[in-house]
Amino acid sequence: MECRETQTLLTAFHDGELPAVERVRVEEHLRGCPECAARLADLARADRAAGVPDPGPAYWDRFNARVMDRVAREADGPRVTVLRPKGGWVRQQLRYLVPAAAAAALVVMVVRYGGIDSGAPTPTVPPAVSERAAPDSAGERMAKADPESDGQGWPGAGAGRDATGSGSQARATKKAESRADARRVPPPVLANERLAAVSREERDRPADRSVPEGNEEASRDRVTAPAAIGVPSPPPMTFRGAPAGSPPVTAADGMTQGSQAERKKMERAAAPMAEQQGAGKATSASGMRVAKEASPGSPCELARALAERERFREAEAAQRACLAQNPSAKAQERGLVFLAELLDRQARFAEADAVITDVDRQFPQSRPLELYRRQRPTVQRQPTAVPVTR
Amino acid sequence: MRADLEGEKDERLAALAAGGDRDAFDALVTRHRQAVYRLCWSAAGNAADADDAAQETFVRVHRSLPSYDPARPFGPWLRKIAWNCGLSVRRDGNSGVQRVAEGDAPEAIDPAPGPEEAAVGSEERRQMAGALAGLPAELRMVMVLRAVEGLSYAEIALAAGIPAGTVMSRLSRARKRLLAALGARCGGGS
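Chains H and L, in that order, give the protein sequences. With the first letter of the first sequence counted as 1, position 210 gets the number 210 in the numbering used here; the numbers rise by one all the way through. With the first letter of the second sequence counted as 1, position 147 gets the number 147 in the numbering used here; the numbers rise by one all the way through.
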């Protein structure tokens, strides 16, 4: 055996994967060839470099307990996954609740700060509202609560007002009244806090619209959970807190520099959520955001658009083109599940089965697939009745 | 670990755990935690992410046990989940190669080395960890499964979802790169 041939077999020889006959031949060659023997030694050296650092016994002592703790928390605690778009209900609620709450908070801010410097009675806490037993909407609760009264106001609100520099006695009186009212009512659920939290998280994630699929659920939870938990039903979009005789309040009316800054802050807080709603529109029955990363006019976008019009065969072709264009694991995982759905909707169940098997093989525990599996019976029963995306 | 569980096969333990036997699940964790951690490390490329991924692996396993078919081998199933968790954490944290390559690799345990020996060993381990972390993830995976876990080509192929021939070629490339990296770190010699 020559060196050249030996060296092609050396990896398999080293790994014990060579058939007996060839193994003997390689061994014979190695006995008389120091160069090949040195190469074999190199393979062993490379293997030693593959050793993974062990975190040590103290780490392992705690490992099982930590796993059990996480398992128990997942089982006992309020599962965050409840908020995931399992059945579509939560997602549907969020579609209205989140922008409504953001808009309500914006309106309240405009009303609140719009009236401060105009000399008009504060529209924030009118007696007619504050005397009621309990607030019945987010707007009212937020209107009744002075963010500074209990230290739970959202950051910057107080600073914004201080920045106006007016400091009039009337304002101080209004603030005192407001505090008194806030004490009378139950502790409010400060939806603006949650909105601010959401906006902060959104801002902290640098343009991360393509979250890795393994943790996308967690990211989705981070974004949706606070709003979903605390945001009450959509508040009426009227200035219920404004006194009857007060002039209509607009965003520009009487807004101080500080309050304008607050308004901008609110708009920034609302923007990512509005964007999220836009993404939500591209949600298929399987709960996946199929066109999230699709650029306008891309095959991915086309597939979604065609599916919306129940032109599933054409959508399938576009989706296949989309898959060919996006080799990333995340795009493949979601895209294949979407493809399976499109096949199901054409009653091509065997082909859909094959795609699902492929997803299962490539992406074990795939969340998009899990979501789709739950809805698949419905899709298969009524393949063309329901549009894939909304 | 409960004495009666020690000799049980993984698949049997998984079936017991799926039925709510916490001891059986604990036994599975104990039995596989180091292999899972190593695999997660090879996917994630650093200790912090490997820890997170290893924990998440077992949480996912626990969650999926009711749907696990004991007729299927447990090991490849577990390894696949671990690998995906490791990759997922790595993508999420945008960490991995660089962090370890910069010397973030944790200390390996060593049976009581002397001070000098410890210093040399530590440096060598750091170099090795950096060299491994410098490999692309798919090469790290086959290297760890082969060189650390001692899996056969067929087993690696099953875990990685690639043909056995690809396993061999990836191993060959991985070793070449490791040797080149180690050579460069040692001043281009050896």
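It is possible that part of the hints are untrue.
Stated by the list, open to error - Below 20 Å or equal to it, Euclidean Cα-Cα: the simulated SDA-like pairs (lysine to any residue) are:
1. L:Lys176 / H:Glu5
2. L:Lys9 / L:Ala35
3. L:Lys176 / H:Lys330
4. L:Lys9 / L:Pro76
5. L:Lys176 / H:Ala38
6. L:Lys176 / H:Gln365
7. H:Lys330 / H:Gln365
Unchecked claim - If we take Cβ atoms under 7 Å as the criterion, some of the chain L residues that face chain H in the derived model are:
8. Asp26
9. Gln55
10. Val144
11. Thr166
12. Arg175
Since the hints were made in silico from the structure, they are not lab data. For each residue, glycine too, the CB sits at the ideal point set by N, CA and C.
Can we keep the Arg175 (chain L) interface hint, with Cβ of chain H closer than 7 Å?
4 Å, holds
Would the pair Lys176 (chain L) and Ala38 (chain H) pass a check requiring their Cα atoms to be no farther apart than 20 Å?
14 Å, holds
Mind checking the alpha carbons of Lys9 (chain L) and Pro76 (chain L) for me, to see if they're no more than 20 Å apart?
Given pair Lys9 (chain L), Pro76 (chain L) holds - Cα atoms ~14 Å apart, limit 20 Å.
Holds or violated: is there a CB of chain H closer than 7 Å to the CB of Gln55 (chain L)?
With a minimum Cβ separation of about 6 Å from chain H (threshold 7 Å), the hint on Gln55 (chain L) holds.
Holds or violated: is there a CB of chain H closer than 7 Å to the CB of Thr166 (chain L)?
13 Å, violated
Would the pair Lys176 (chain L) and Lys330 (chain H) pass a check requiring their Cα atoms to be no farther apart than 20 Å?
30 Å, violated
Answer holds if the nearest beta-carbon of chain H is closer than 7 Å to that of Asp26 (chain L); otherwise answer violated.
6 Å, holds
Going straight from one Cα to the other, do Lys176 (chain L) and Glu5 (chain H) come out at no more than 20 Å?
Holds, because 18 Å separates the two Cα atoms, which is no more than 20 Å.
Within a Cα-Cα threshold of 20 Å, do Lys330 (chain H) and Gln365 (chain H) meet the stated pairing?
Holds - the C-alpha atoms of Gln365 (chain H) and Lys330 (chain H) are around 13 Å apart, at most 20 Å.
Taking 20 Å as the top limit, are the C-alpha atoms of Lys176 (chain L) and Gln365 (chain H) close enough?
34 Å, violated
Holds or violated: Lys9 (chain L) and Ala35 (chain L), Cα atoms, limit 20 Å.
Within the cut-off at roughly 16 Å; holds.
Hint check, Val144 (chain L) versus chain H [nearest Cβ-Cβ separation less than 7 Å]:
6 Å, holds
Taken one by one, the earlier hints fail for this structure at numbers 3, 6, 11, listed in ascending order.
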